[in-house]
Amino acid sequence: MPRSPLFNTLARGPSRALSCRWLGLKELFLLFAVALWSVALLEVPKQISKAQGKGSNAWNDEVGKPRVIMAPEVELAADCAARRGGPVLVIEALTSDEWALLSAEDFEARYIRVSKPVVVRDALAGTDAMGMWDSDEHLAVNFGKWKVQVREEGVPGSTFQMFESFLRDYRGSSGRLHLTQSMTKRMASQVILPEVFCGVVEHGLRQDVQLSMMSGSHKGPIHCDAEDALLMQFDGSKTVYLADPGYFKALDVKRGSARRRASHNVAVSDVDFWKVDERAHPGFARVRWLRVEVQAGDMLYIPAFWFHAIQSE
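Using UniProt numbering, the first residue of the sequence shown is number 1, and each one after it goes up by one.
Derived by calculation from the structure, the hints in this document are not laboratory data. Any given hint might turn out to be false.
Unchecked claim - Only pairs whose alpha carbons sit at most 27 Å apart, straight line, appear in this in silico DSS-like list of lysine-lysine:
no., residue 1, residue 2
1, Lys185, Lys238
2, Lys116, Lys249
3, Lys275, Lys249
4, Lys116, Lys238
5, Lys147, Lys116
6, Lys116, Lys145
7, Lys147, Lys238
8, Lys249, Lys145
9, Lys147, Lys219
10, Lys185, Lys145
11, Lys219, Lys275
12, Lys249, Lys219
13, Lys185, Lys147
The structure presented is a predicted model; accordingly, all values stated were derived computationally and were not measured.
Please construct the entire structure, taking both the sequences and the accompanying hints into account.
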């Protein structure tokens, strides 16, 4: 399977616009429109009342259903049941044999154009980064003089230090140290992907590659990004929960709350995913989550505006 630099792009065809013409029968058309409007005024409240009477999930099923994309398999997770979030749906996964048969156009049509998340197993196998970045010694020798911003969980603010200092301290730290920062060009040049995934960039992936490292486990907030993202796991593992953008209101994300964070736009939910206050956030019980385990060598495609909460190990 040929590989290309991360930021190759694919040409896309021109968008098509629909047009219509006025047929001249103005009076008949207006009468027909008024009749439809009258029926809608009578029928829509009935459907809303019917859906509300069936419970919160029925509301999503019948009125303004979010576009949840899932694999056929359903897993009832104890941790989600405790949050009254209902069943956790298992995200689609591509094995190395499956994605090796796809072209860039295939991947774009199946996932990118329809905003469908997917985990790709062993997508990073054989890359330079996969072979070297699991060694702190290699990172310190090659990128040790890189100045990074380090945060400690539960401690406000951050500190700046050399990357080699962070590598020396983070594994043995009594606190939970973590950094998320844009890579240098030399470091990013070692991230080489199979050509099948390069169409993600053309669709809207940020021209920015970020490194995330931490000591111990870490639980992040529910948030969404304004651009497509590729989560590439070089070491350790992550459990990722994703929710369709249609749950914007259920997750109490206020319009206009998106803000600049780590050089890109992020909208953060007011809900603490890991300890939900159901009285303060009653809409959370309606959300259907997709869950996926991302192991070293895997890559997860997260479309723009999909909400996600990540637990890192």
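Do the hints match the structure? See the list:
Of the supplied pair hints, the one linking Lys185 and Lys238 holds, its CA atoms being roughly 25 Å apart against a limit of 27 Å. The straight-line distance between the Cα atoms of Lys116 and Lys249 is roughly 20 Å, inside the 27 Å bound, and the hint therefore holds. Of the supplied pair hints, the one linking Lys275 and Lys249 holds, its CA atoms being roughly 19 Å apart against a limit of 27 Å. Note on Lys116 and Lys238: the hinted pairing holds, with a Cα-Cα distance of about 19 Å set against a maximum of 27 Å.
With a C-alpha separation of about 36 Å, the suggested pair Lys147 and Lys116 falls outside the 27 Å cut-off, and the hint is violated. A hinted pair counts as satisfied when its Cα atoms are at most 27 Å apart, and Lys116 with Lys145 does not qualify at roughly 39 Å. Taking the CA atoms of Lys147 and Lys238, the gap is about 26 Å. The hint holds against a cut of 27 Å. With a CA separation close to 44 Å, the supplied pair Lys249 and Lys145 exceeds the 27 Å bound.
At most 27 Å may separate the alpha-carbon atoms for a hinted pair to count; Lys147 and Lys219 meet this at roughly 25 Å. Taking the CA atoms of Lys185 and Lys145, the gap is near 14 Å; set against the 27 Å cutoff, the hint holds. With a C-alpha separation of about 11 Å, the suggested pair Lys219 and Lys275 falls inside the 27 Å cut-off, and the hint holds. The straight-line distance between the Cα atoms of Lys249 and Lys219 is roughly 22 Å, inside the 27 Å bound, and the hint therefore holds.
Simply put, Lys185 and Lys147 have alpha-carbon atoms about 14 Å apart, close enough for the 27 Å limit, and the pair holds.
Taken one by one, the earlier hints fail for this structure at numbers 5, 6 and 8, listed in ascending order.
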